[in-house]
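**Student:** Residue-level listing of the chains:
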Amino acid sequence: MKTSRFFKDRLSPIAAYLLVGLGAVVMLAPFYFMFVFATHSRTEIFNLPPPLLPGNDWAFNLAILTDKIPFWKSLGWSLYVALASTALTLVFCSMGGYAFAMFEFKFKKSLFLLVMGTMLIPSFLSMIPTFMVMDALGWIDQPRALYIPGAASAFGIFLMRQFISASIPKDLIEAARMDGCSELGIYARIVLPLLQPALGTLGLITFIASWNNFIGPLIVMRSPEMYTLPLALRSMQSPVNTEWGALMTGSAIATLPLLVLFVLSSRRLIDGLTTGAVK
Amino acid sequence: MPLAPLPIGPQGLRALSAAIGLLISSLVQAENLTIAAYPAVDSIAKSAAAEWKKKHPGFELKIVSRSFPDHHTAMTTALSTSSNLPDVMVLEVGYVARFAENGGLQDLSQAPFNIKAQQALFVPYAFKQATARSGAVVAVPTDIGPGTLLYRTDLLKKAGITEAQLTSSWEGYVQSGAQIKAKTGAYLMPHARDMKDIIIRSNLQAGEGLYIDNKGKVLINTPRFERAFELARQVRAQKLDGKINAWTTEWTEGFKRGQIATQMSGAWLAGHMNNWIAPQTKGLWRAAQLPERSWASWGGSFYAIPKGSPNKALAWEFIQMMTLQADMQLQAFKTEDAFPALLEVHKDAFLDQPIEFLGGQKARLLWREAAQKTAAIDVHKLDPIAEEIVNTELDKVLDQGKDIRAALQDAQALLERRARR
Amino acid sequence: MKTPSTSPHRWRLTADTVPYVLLAPFVILFLVFGLFPLGFSLFLAFQSWEPSAGLNTMKFVGWENFAFALEDEWFWKSLRNTAWLALVSGVPQHLVSIPLACFIHNAFKRWRNAVIGAYFLPYITSTVAIAMMFSSLFSTDYGLINQGLMALQAWLPWGTPQAPTDWLGQAENIKPAIAFVVFWRYVGFNTVLYLAALQTIPKDLYEAATMDGANAWKQFFYITLPSLKPMIFFGITLTIIGGLQLFEEPFILTGGRGGTDQAGMTTAMYMYRTAFEFNDFGTASALSWLLFVVVALLTWITNRAFKPRGGGA
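Protein chains in written order, with my numbering: chain A, 464 to 742; chain B, 264 to 684; chain C, 22 to 334.
If you are wondering where the hints come from, they were derived from the structure by calculation, not from laboratory data. The beta carbon of each residue, even a glycine, is placed where N, CA and C say it ideally should be. Treat the hints loosely; a few may be bogus.
[Claimed, not checked] When the alpha-carbon atoms are kept at most 27 Å apart in a straight line, the in silico BS3-like pairs for lysine-lysine are as follows: (1) 571(A) / 224(C); (2) 659(B) / 250(C); (3) 531(A) / 478(B); (4) 391(B) / 318(B).
[Unchecked claim] Sample of chain C residues at the chain A side, in silico, Cβ under 10 Å: (5) 34; (6) 41; (7) 45; (8) 59; (9) 60; (10) 76; (11) 77; (12) 82; (13) 231; (14) 232; (15) 240; (16) 243.
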């Protein structure tokens with residue numbers, strides 16, 4: 464049947480590409496608008512239909528932004544906290560995930576339940592007790608209060624565990640052990656390199672989560688000079704008189720590092736190692 | 264040795280450098296007065312920095328600014344643990360009520376503050392709003408939001424309605440709305456809920472709060488609410504509201520396109536409309552008192568001192584400066600459109616000035632009158648829940664055609680159930 | 022040359038002890054930062070407390086908060102809302118992201134990063150921008166979505182609405198709107214996860230299957246899906262937990278109010294409002310533990326469904 468072959472071989476791939484392309488546009492649109500809005504004054508932003516093309520109020524918005532909040536400083540703090548958080552999380556979570564995936568030990572089940580359990584409590588309810596803990600430690604207004612507590616996140620451990628159990632065979636570990644490699648050596652020299660895609664993914668997600676987190680800083684920071692970006696940008700929001708143009712500009716700039724990070728890590732993620740693990 | 268010997272020995276040098284260090288640090292590390300605020304009161308406080316420096320050179324103003332919800336969340340957290348409290352706390356009227364009953368704020372009617380001596384200097388209802396049921400004055404009002412009706416004079420003209428017809432009575436208001444819709448296609452108001460909100464605030468008897476009276480009796484199943492619900496229902500049934508919520512793009516667009524004919528709100532809205540919401544509609548709006556000589560207020564900011572404040576004396580100095588000094592209040596009025604709570608400023612010539620956005624109308628005189636005539640409403644800690652209950656029932660009446668009597672009965676039952684806890 | 026370190030006074034990490042070392046960071050951090058908030062929240066569920074009054078005003082009320090919550094029609098309404106939203110936003114996410122990940126994995130070489138990047142963008146767009154964008158898009162009279170639907174109406178009279186839909190104002194419509202935004206936000210996230218997992222499947226498996234004559238569909242069902250099982254389990258668990266704890270998207274689309282007749286109020290939002298608007302931290306804590314029970318139950322069910330033969334992974 465020539466026509467059915469035509470549909471299968473020619474048309475359905477085209478349809479698939481079209482669909483995926485359309486989806487990509489839908490995904491992109493609000494992001495695009497955020498940047499467009501960043502270049503317009505707030506009166507124009509609130510127009511319906513909204514402006515579709517970039518305007519020329521960019522510098523004006525930036526001026527308002529830097530006047531209202533210590534924007535670049537907040538950006539710096541966000542960067543510092545996110546990097547520290549990512550580094551710590553990658554180490555601790557890969558350790559934890561490896562333990563759950565590859566070993567049998569006493570309390571394994573209960574510990575894993577504990578890990579899962581910590582994912583189930585919404586953060587805003589633990590605001591007040593967290594505040595009390597930070598106050599008792601003297602960590603109020605300190606960035607470390609932002610990146611240390613969540614460093615062994617349940618999400619990360621869970622992700623690592625799934626990844627390791629899916630892609631690293633137990634025999635590999637056994638073989639290395641028999642070859643005389645130390646336990647920590649196995650972790651560092653065999654497991655970690657094979658975890659590249661997972662580490663890239665977790666690193667990206669952790670960075671983004673830290674970057675966008677505002678509840679943590681809200682609890683801990685008492686000085687505007689110590690704010691991270693989300694808190695600083697939110698502090699511009701008045702019930703009646705927000706500088707929307709400046710806020711959009713700030714939000715757009717705040718997204719750029721995430722974009723850069725994504726581009727960098729997607730190489731590792733996607734074009735990353737294919738296997739050869741068993742060999 | 265190339266250098267001449269120093270006049271003082273090494274011991275002396277050490278002492279000298281220590282002294283210099285102490286001097287420098289005492290100059291550099293000025294003490295801080297922490298003020299927690301939200302926009303736009305934070306700008307007002309920031310602009311007071313220069314004046315403050317003149318009076319208290321050793322003390323810097325440290326203004327901790329957060330968004331409106333974040334700020335109140337942070338204040339709740341600080342008050343709950345009585346730690347890391349600011350010296351001065353800015354509060355919006357809704358939160359003053361909440362915190363007042365809980366004893367976390369300093370009673371300013373006591374010595375050495377004795378604010379009651381200056382009670383007559385403030386707009387009466389604002390001062391009452393800062394007074395807890397126990398008689399403690401927990402905050403000082405700094406700006407108020409006297410209620411006003413802003414309307415499009417061009418749309419009214421086109422529909423053949425006069426301001427008197429619009430504002431004579433609530434029923435008259437709704438009837439005018441029907442005509443405006445018929446002749447111009449514009450909505451009378453953004454949302455029918457606004458109708459309910461304003462009517463339940465009128466004709467309150469002594470001892471009655473909005474939803475609960477001071478004996479704990481729930482007041483929802485009463486004629487006041489019936490009238491409110493009925494008028495809201497009529498507004499919706501005749502399609503006089505756009506189902507538009509405030510501060511959305513539809514709302515601002517409605518103003519820009521002349522789709523919304525009237526808006527009830529605090530007087531400060533006119534300034535924002537001019538600034539950014541709908542500047543192109545300049546000259547087309549007028550302000551009037553609310554229909555049926557009703558009086559209500561929208562918002563209002565207060566300064567309070569938490570009981571755990573580190574530096575109460577200085578905090579009090581700051582508050583006095585911001586609220587009792589006429590020039591500071593006037594400055595805030597001029598720059599941020601913050602209608603002063605200090606009565607003395609109401610006599611200033613600034614209020615006589617015509618407002619361009621309102622077609623040259625001297626609306627501030629209207630608002631001054633509103634401020635005088637508005638009465639404070641007793642607050643109850645269940646007010647937020649009650650509001651949610653009533654709004655949900657109103658939604659059912661408006662959107663699903665639920666019977667008003669049944670709705671009020673259900674609301675009454677729901678609130679009573681919660682009041683029992 | 023050094024002798025291997027088997028001397029008795031040198032403690033080696035063995036396969037028995039190393040797990041504890043590996044998990045030590047988690048345990049320590051949990052003990053310091055996790056235990057107290059957990060315990061406090063549990064304790065609080067049995068108290069009546071208005072936070073701004075200070076810690077010493079807590080009043081013990083036993084099971085009253087739980088009893089109240091279980092009889093509260095708003096709690097049950099919020100659970101129904103949450104269940105609906107979790108399902109309608111969660112299922113499509115995985116139904117779409119798995120094939121999408123495979124497609125991107127196989128079909129794009131040069132454009133792979135760009136396409137996956139586009140799908141990932143919603144995840145990194147800031148909440149403020151999302152709130153603004155979607156309120157504007159969903160606007161009844163002027164929003165682009167309705168404009169698009171109206172234009173579509175001219176082409177396909179059946180199946181498309183006649184009049185502009187009131188997305189955010191009408192109780193029946195707000196749920197699909199929220200579900201769409203959640204789907205939009207996380208489908209790319211899941212696609213990235215699956216894409217990463219796809220990297221670990223050995224290519225030779227596919228080559229061998231092709232040589233045996235298996236077509237693309239067979240390969241997908243017999244190679245790809247089973248290999249992705251651990252990741253699917255992870256993804257679905259996360260979607261369940263995230264879906265049942267849905268807060269941010271409904272919050273920003275309804276302005277924090279829950280929408281007309283609270284149609285958009287999820288349990289997490291109800292919890293938040295109970296704590297911060299209605300000032301009842303005790304009941305809010307009780308609600309969070311009730312929700313915890315529901316989520317734990319569903320997670321456990323998922324766990325059983327995915328591991329019929331037991332085992333660690």
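**Student:** None of the hints should be skipped; say for each whether it holds.
**Tutor:** Quick rundown of the hints versus the structure:
Taking the CA atoms of residue 571(A) and residue 224(C), the gap is near 34 Å; set against the 27 Å cutoff, the hint is violated. Under the criterion of a C-alpha separation no larger than 27 Å, the hint pairing residue 659(B) with residue 250(C) is inconsistent with the structure, at around 46 Å. A hinted pair counts as satisfied when its Cα atoms are at most 27 Å apart, and residue 531(A) with residue 478(B) does not qualify at roughly 47 Å. A C-alpha spacing of about 30 Å is found between residue 391(B) and residue 318(B), which places the hinted pair above 27 Å, so the restraint is violated.
At a threshold of 10 Å, the smallest CB-CB gap from residue 34(C) to chain A is about 4 Å, leaving the interface hint in force. Taken as an interface hint, residue 41(C) checks out: its beta carbon lies about 7 Å from the nearest beta carbon of chain A, inside 10 Å. Checking residue 45(C) against chain A: minimum C-beta separation of about 8 Å stays under 10 Å; hint holds. Hint status for residue 59(C) relative to chain A: holds, with the closest Cβ pair at about 7 Å, below 10 Å.
For residue 60(C), the interface hint holds, since its Cβ comes within 10 Å of a Cβ in chain A; the closest pair sits about 8 Å apart. With a least beta-carbon distance of about 9 Å to chain A, the hint placing residue 76(C) at the interface is held under the 10 Å criterion. For the restraint placing residue 77(C) at the interface with chain A, the shortest Cβ-Cβ distance is roughly 13 Å, beyond the 10 Å limit, so the hint is violated. Of the supplied interface hints, the one on residue 82(C) is violated, with its beta-carbon coming no nearer than about 18 Å to a beta-carbon of chain A, more than 10 Å.
Checking residue 231(C) against chain A by beta carbon gives a least distance of about 17 Å; that is not within 10 Å, so the hint is violated. Given hint, residue 232(C) at the interface with chain A, is violated; its Cβ is 19 Å from that chain's nearest Cβ, farther than 10 Å. Violation of the interface hint for residue 240(C) is found here, the shortest Cβ-Cβ separation to chain A being roughly 16 Å, above the 10 Å cut-off. Evaluation of the residue 243(C) hint against chain A yields a violated restraint, the C-beta minimum of about 17 Å exceeding 10 Å.
When held up to the earlier numbered hints, the structure conflicts with 1, 2, 3, 4, 11, 12, 13, 14, 15 and 16 and fits the remainder.
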